[in-house]
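Residue numbers (my numbering), protein chains in the order written: chain A, 1 to 189; chain B, 1 to 388.
Quick caveat, the hints were computed from the structure, so don't treat them as lab data.
Note that the structure is predicted; figures quoted are calculated from it, not measured.
All C-beta atoms, glycine included, are put in the ideal place defined by N, C-alpha and C.
Watch out, some of these pointers could steer you wrong.
Said to hold, decoys possible - Sample of chain B residues lacking proximity to chain A, with all beta carbon distances greater than 10 Å (derived):
id	residue
1	E42
2	E55
3	M71
4	V77
5	V83
6	D169
7	E170
8	L173
9	T177
10	L293
11	A302
12	L311
13	S320
14	E329
As the list claims (entries may be wrong) - Incomplete in silico selection of chain B near chain A, CB under 10 Å:
id	residue
15	T149
16	L151
17	G153
18	V154
19	R265
20	R272
21	Q275
22	Q306
23	V310
24	G312
25	A313
What the hints assert, rightly or not - Far from chain B, by Cβ distances over 12 Å, these chain A residues were calculated:
id	residue
26	N2
27	A8
28	E49
29	E66
30	P79
31	M159
32	R171
Here is what each chain is made of, one letter per residue.
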Amino acid sequence: MNVGVIVAVACAGALFGIAAGYWLPPHGLRPARNRIQGGRRILLPFTGEEISRRSFEAAVRLAKAENAIIMPAFLARVPMNLPLETALPVQCARGMPLLEAIEQRASSLGVPVDSRVGRGRSARDALRKLLEQEDFDRIIVSADEDPRVGLSYEDLRWMLARVPAEILILRPAPEDTRRISIETVKGHF
Amino acid sequence: MRHRVVAVGLAVNARRGHLKVFIGMAAGVGKTYRMLVEGHAEQEAGHDVVIGLLETHGRADTARVAEGLPMVPRRRVRYRDTVVEEMDLPIILRRAPEICLIDELAHTNVSGTEHAKRFEDIKAVLDAGIDVLSTLNVQHLESLNDHITELSGVRVRETIPDAILARADEVVLIDLTPEALLDRLRAGKIYPSERIDAALNNFFKIENLSALREVALRQVAEEVGAKRLTTELVGSREESLAADAPHAVGERLLALVEPYPSAQRLVRRAWRSAQRLGAGLDLLWVRAPGKELTEDQQRSLAALRQLASVLGARMLEEESDDLIAAIVEVAARRGTTYILVGGSRALRGLGRLRTPLPQRLMQSLPGVDVRIVAHRSQRPNGSSLEAL
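When you get a sec, could you build the whole thing from the sequences and use the hints?
Given below as structure tokens:
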């Protein structure tokens, strides 16, 4: 084999390598599976330090089936005597670790996540403001949430009547004791 | 228009005065009382002590303990249609006592005095070589303002930079249990009887006071820790370097963000770090000139702005085609001590030959820490998340 052929093969190999590197994931232009595209959006609102694992699992199943994005949303409440734009570091100290836990868990299951934070005079008000700003295809809530701290049954009724999205309300079940909580990320958040 | 203090006829004292601050969780814990008691002790030890400014708030115990200490009369300052009484800084400087007691460090002066804030008056007194004893409630510290506003539901307008407290030579915590403070309030020792009910229904709630006490205890513990570390550095190379460096009065974090969903996580991590360090947090997005955002990017940007607002961080948006220059300029302007970046997107083609962003930042910003925030879910050895 003469030198010319060897050089030609080497050049062709190099060109092929560069082209593949340019095109193929994870570095290339071709979209990787977990890269977020503008697909369906599933909202997973919560108000406290934990959410029902069933609602999370339902969100993951639907997101996988529909190639959708899970959008966990922490709904923070601003006391009436404070301006609506007030920073809420104390509530965030509870809500941010749970966003982290949900995001890590969903990412490790191969589901894209795009988090949100809503702020209002009540959980419903925060949710309403969030829904005014963005559209969601589905909203998943669990009916087992403590209505004193989270979304009440009145809020769920309001969602069914007013929110232009598919609402999935999970009825209470024995396995509701299984929760996703901020304990999951304790020590590394 | 503010006047400058003209030190005509005053000998400039080369020694800076010693600042001692009595800090507490709320009004009524006994800060002013303790300051006056120490003033008496100094007077009995033969020192020249005067009261520069005292706010008794009508408390008989406080007024009684002030007896026997000479007091500089307040001056009357005309402000719009009213006359307001303020501390008389020029008289204090002329009187030049050894020790001056000045209550309420965070007070805002009325327009027409030498300085806008009382802590600036106190600095002038210290610069004249006079020792100062002063008092402060923890909610007046700037960095704690948002936190305490949310805890108590009351936003304090008069704040002081944390650096003022950091520069104090001594910080003494005046501690009282919330229950004891409420007993004092109900007994009329803090406010007159007509204000007690309102106080009990608003600020003076046991949960507020417990939280404020925790904040005050933490704050003083951090001050003690910072001073201990400073003392350990005496004579070291670090000390001489620190003396040469511009004075960073505290940590300030800068998180570099882009309008993508992954930036949310970076912001959360940065905020958590800022909380632990007791530092301020800025978010910076450097936008290429003329760059149009996609709909998804616009949504991500709106979400970032909302997140920054809820967390109490400041979102900065700069337009520049030189990323590093923009970051360096913002870091210098904001006094950044710590930069957080997310994992870089993979580079293609000739871009692979470029020096990675964290290295370029370290070269351009010596003395600023750079941290790369990893994605936890991509750890190869699995994680506790599997236990969910």
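Tested hints:
{"no.": "1", "hint": "E42", "verdict": "holds (40 Å)"}
{"no.": "2", "hint": "E55", "verdict": "holds (25 Å)"}
{"no.": "3", "hint": "M71", "verdict": "holds (38 Å)"}
{"no.": "4", "hint": "V77", "verdict": "holds (31 Å)"}
{"no.": "5", "hint": "V83", "verdict": "holds (32 Å)"}
{"no.": "6", "hint": "D169", "verdict": "holds (30 Å)"}
{"no.": "7", "hint": "E170", "verdict": "holds (29 Å)"}
{"no.": "8", "hint": "L173", "verdict": "holds (22 Å)"}
{"no.": "9", "hint": "T177", "verdict": "holds (21 Å)"}
{"no.": "10", "hint": "L293", "verdict": "holds (13 Å)"}
{"no.": "11", "hint": "A302", "verdict": "violated (7 Å)"}
{"no.": "12", "hint": "L311", "verdict": "violated (6 Å)"}
{"no.": "13", "hint": "S320", "verdict": "holds (26 Å)"}
{"no.": "14", "hint": "E329", "verdict": "holds (26 Å)"}
{"no.": "15", "hint": "T149", "verdict": "holds (6 Å)"}
{"no.": "16", "hint": "L151", "verdict": "holds (6 Å)"}
{"no.": "17", "hint": "G153", "verdict": "holds (5 Å)"}
{"no.": "18", "hint": "V154", "verdict": "holds (8 Å)"}
{"no.": "19", "hint": "R265", "verdict": "holds (6 Å)"}
{"no.": "20", "hint": "R272", "verdict": "holds (6 Å)"}
{"no.": "21", "hint": "Q275", "verdict": "holds (7 Å)"}
{"no.": "22", "hint": "Q306", "verdict": "holds (6 Å)"}
{"no.": "23", "hint": "V310", "verdict": "holds (5 Å)"}
{"no.": "24", "hint": "G312", "verdict": "holds (3 Å)"}
{"no.": "25", "hint": "A313", "verdict": "holds (8 Å)"}
{"no.": "26", "hint": "N2", "verdict": "holds (31 Å)"}
{"no.": "27", "hint": "A8", "verdict": "holds (23 Å)"}
{"no.": "28", "hint": "E49", "verdict": "holds (14 Å)"}
{"no.": "29", "hint": "E66", "verdict": "holds (17 Å)"}
{"no.": "30", "hint": "P79", "verdict": "violated (5 Å)"}
{"no.": "31", "hint": "M159", "verdict": "holds (21 Å)"}
{"no.": "32", "hint": "R171", "verdict": "holds (22 Å)"}
The earlier numbered hints that this structure contradicts are 11, 12 and 30.
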